[in-house]
Structure formats: C-alpha cells, structure tokens
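Chemist: Sequence:
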Amino acid sequence: MNTEESIKKLTEEFDAELKQLTNEISKEVSSIGEDSEVLQDNKTLFKIKNGNYQYNFEWKKVIFNVPIPQFTMKSQKWSFDIPEVTMKLKEICFDWPKTKMTDKKVGEKPEVTCDWKMKKIGFIKTKIWQCTTKWTPIIISVPEVTMETKCMSTKIPEVVMKTKEIIMNIPEVTVEMKEVSFNTLVITSIDYAESEENIENSNEKITQIQQKINELTLGYEGKMKYLQVNLVNEQFDKAQAEILGSIDTDKKNMEKAIEDSKNTISELKNNGAAEQLKIEEDKLNKLIDDLNKILAPFEQVLKDLNEQRRIALESIEMAEAEV
Numbered sequence: 001m002n003t004e005e006s007i008k009k010l011t012e013e014f015d016a017e018l019k020q021l022t023n024e025i026s027k028e029v030s031s032i033g034e035d036s037e038v039l040q041d042n043k044t045l046f047k048i049k050n051g052n053y054q055y056n057f058e059w060k061k062v063i064f065n066v067p068i069p070q071f072t073m074k075s076q077k078w079s080f081d082i083p084e085v086t087m088k089l090k091e092i093c094f095d096w097p098k099t100k101m102t103d104k105k106v107g108e109k110p111e112v113t114c115d116w117k118m119k120k121i122g123f124i125k126t127k128i129w130q131c132t133t134k135w136t137p138i139i140i141s142v143p144e145v146t147m148e149t150k151c152m153s154t155k156i157p158e159v160v161m162k163t164k165e166i167i168m169n170i171p172e173v174t175v176e177m178k179e180v181s182f183n184t185l186v187i188t189s190i191d192y193a194e195s196e197e198n199i200e201n202s203n204e205k206i207t208q209i210q211q212k213i214n215e216l217t218l219g220y221e222g223k224m225k226y227l228q229v230n231l232v233n234e235q236f237d238k239a240q241a242e243i244l245g246s247i248d249t250d251k252k253n254m255e256k257a258i259e260d261s262k263n264t265i266s267e268l269k270n271n272g273a274a275e276q277l278k279i280e281e282d283k284l285n286k287l288i289d290d291l292n293k294i295l296a297p298f299e300q301v302l303k304d305l306n307e308q309r310r311i312a313l314e315s316i317e318m319a320e321a322e323v
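As numbered in full-length UniProt numbering, residues 1 to 323 make up the sequence shown, in order.
Keep in mind the hints are simulated off the structure, nothing from the lab.
Hints may contain errors.
[Said to hold, decoys possible] The calculated BS3-like cross-link candidates involving lysine-lysine, where the alpha carbons are at most 27 Å apart (straight line), are:
id	residue 1	residue 2
1	Lys134	Lys150
2	Lys178	Lys60
3	Lys293	Lys251
[Claimed, not checked] Have a look at the derived ranges for each label pair, beta carbon to beta carbon:
id	residue 1	residue 2	range
4	Thr132	Lys104	41 to 51 Å
5	Gln76	Val159	51 to 61 Å
6	Asp248	Lys90	49 to 59 Å
7	Ala241	Gln210	16 to 26 Å
8	Thr207	Ala241	44 to 54 Å
9	Glu259	Val106	31 to 41 Å
10	Ser315	Glu259	41 to 51 Å
11	Thr249	Gln210	26 to 36 Å
12	Ser246	Met147	49 to 59 Å
Because the structure is a prediction, the values reported are computed rather than measured.
The beta carbon of each residue, even a glycine, is placed where N, CA and C say it ideally should be.
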C-alpha cells in the first residue's frame, strides 16, 4: 500500500467513526421529544429542533500539514568474483615411514673355555689344564626406517572462481509536506425559550459525545502523523531483506564448503598426509578470506542503509516540530 492509499484508508476509517458518533448525537437530541426534527445538514451546518429547543452544530474543516516521505528507488549493480566449491572424492598417495627392528653385528666378544686335556710330552702322556679363546659376534636389534607408499581416499575441495552480478534497489527518501484536511462536528450552541433544567441531562450526554468526537479527531491527527514512520520503516525493511537475500545462498554455500574443508584437513592429519595437508590448509585460509571480502561490502551497505533510515526518520520528526 503506497502513501496515498494509506492516507485514504485512514481518512475513510475516521469518517466512518465520525458518522457513528454523529448518529449518536442525533438520537440523543431526538430523545428529548417526539416532535424533534433535523432542520439542516449540509456538511456546513447541522441543526436539530425539538419543541422550543434548537441544537446548533457546525461542520468544521480541520487542516494540517503532515510530513510525507517520498521514495525514489535507485538501482545499484555489483559485480564480484565468488568461489564455487565442489567436493570430489580423490585418492591421495604419499610416502609413509615404516620402522622395523633388524639384527646387526656391532662387534665381537671373547669366550674362554678351559679343560683338562691329555698331552704327550716326550714319551709320556699327561693331563694338563688348557684354555682356549673363541670370538663370538655381538648382535643387537636396531630400528631400521624404510619408506613405503600409503594411499587413502578423501573428499578434496575443488575451487573455481566465477563472476556474479546482482542488482539491488536502494531507497532514497525525501520528505515533503502534504496538506491533509477533514470535517469534524462541533456543537456551537443550544437555543431555548424555557428553563435550562429540562435539557440539562441531555446536554450533558451531548457534551460527552462531543468529547468523543474531539478525542477521535486528535487520534486521527496522531495516526496520520505516525503513518509516515511506518512507511519509512517498511521501505527500508524491504531493502534490507533484499540485500540479505541476494547473498544468503552464496554465504551458506561458502560456509558449508569451509566446514567440509575443515573435515578434510582433520582426516589428512589423522592419516599423516603432510604434503596434501599444507595444500588444503592454504585452500581453507583462502576460502575464509574470500568470504570475508565478499561480505564486507554488503555489511557496509547495510550500515549505510540504517544511517539513511535514521536520517529519514529524523527529517520527519523535525518537520513535525516545525508545523
């Protein structure tokens, strides 16, 4: 609903309520006697006669100025590169150190054995104590590292940069004063030839209804003055939603890609794929950096939009204060 339609709707609601209160006045005056009659009702004067009493009302035209926001939608075109990430299953092979224990000779140690042995000395055989030395190798187990190829399958992010263009409508607001007028009913006098005592009760009720009319009139003015505030907020809320919606899908896709990339890095760490790990960590850092770069101008536009909203609302408030 645009500004003109909103004002028209509000005025129609006021007229309907005012007509209802006018009918209440007519009924109240008519209750004074059966011979009551409407003398005049021409949207200028409203007179009811009952016996010797005449109740005089006047249709008053109320005019006041309302600051009305005028909106001009300016299109802003943006073009930026955005990473498109696809997770693809890939086999990664890398050298993996394997350690095994191998027996190795590191030296020799002497082993001496002694025993009684028969030995011929000249023509006589006799027992003698004889010792012999034998060298035995020293064997120890030492770790031996060999490299063997290990393969694993994991999802690896593949990044392709694509250019994206978006067009956003940003509201620009100017405040113009608009004259608004409406008719309201005001009791001006009661003409009578007899004592006031006979009409005192009815007069009190009419006064109460007049008070309702006054309150209705003031309420209408208040609603009209605050109507433009709602119009400003509606336009800026719509623009804000459009900005957020234009980047929301890309933002969610990139956040998911970042999360998938982190999971891949964890899997590579657990399997010791150091070389591929460094590659994927660099990819992750670039994805995070790209996301921040893409979001930065949108965040600035939202800040600017909120500032324009604040200025527009302040302009309306200042215009109302000057009326």
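Chemist: For every hint, state whether the structure bears it out.
Modeler: Structure-based check of each hint:
| no. | hint | verdict |
| --- | --- | --- |
| 1 | Lys134 with Lys150 | 47 Å, violated |
| 2 | Lys178 with Lys60 | 20 Å, holds |
| 3 | Lys293 with Lys251 | 11 Å, holds |
| 4 | Thr132 with Lys104: 41 to 51 Å | 27 Å, violated |
| 5 | Gln76 with Val159: 51 to 61 Å | 28 Å, violated |
| 6 | Asp248 with Lys90: 49 to 59 Å | 30 Å, violated |
| 7 | Ala241 with Gln210: 16 to 26 Å | 46 Å, violated |
| 8 | Thr207 with Ala241: 44 to 54 Å | 50 Å, holds |
| 9 | Glu259 with Val106: 31 to 41 Å | 54 Å, violated |
| 10 | Ser315 with Glu259: 41 to 51 Å | 45 Å, holds |
| 11 | Thr249 with Gln210: 26 to 36 Å | 60 Å, violated |
| 12 | Ser246 with Met147: 49 to 59 Å | 52 Å, holds |
Going through the hint list in order, the structure does not satisfy hints 1, 4, 5, 6, 7, 9 and 11.
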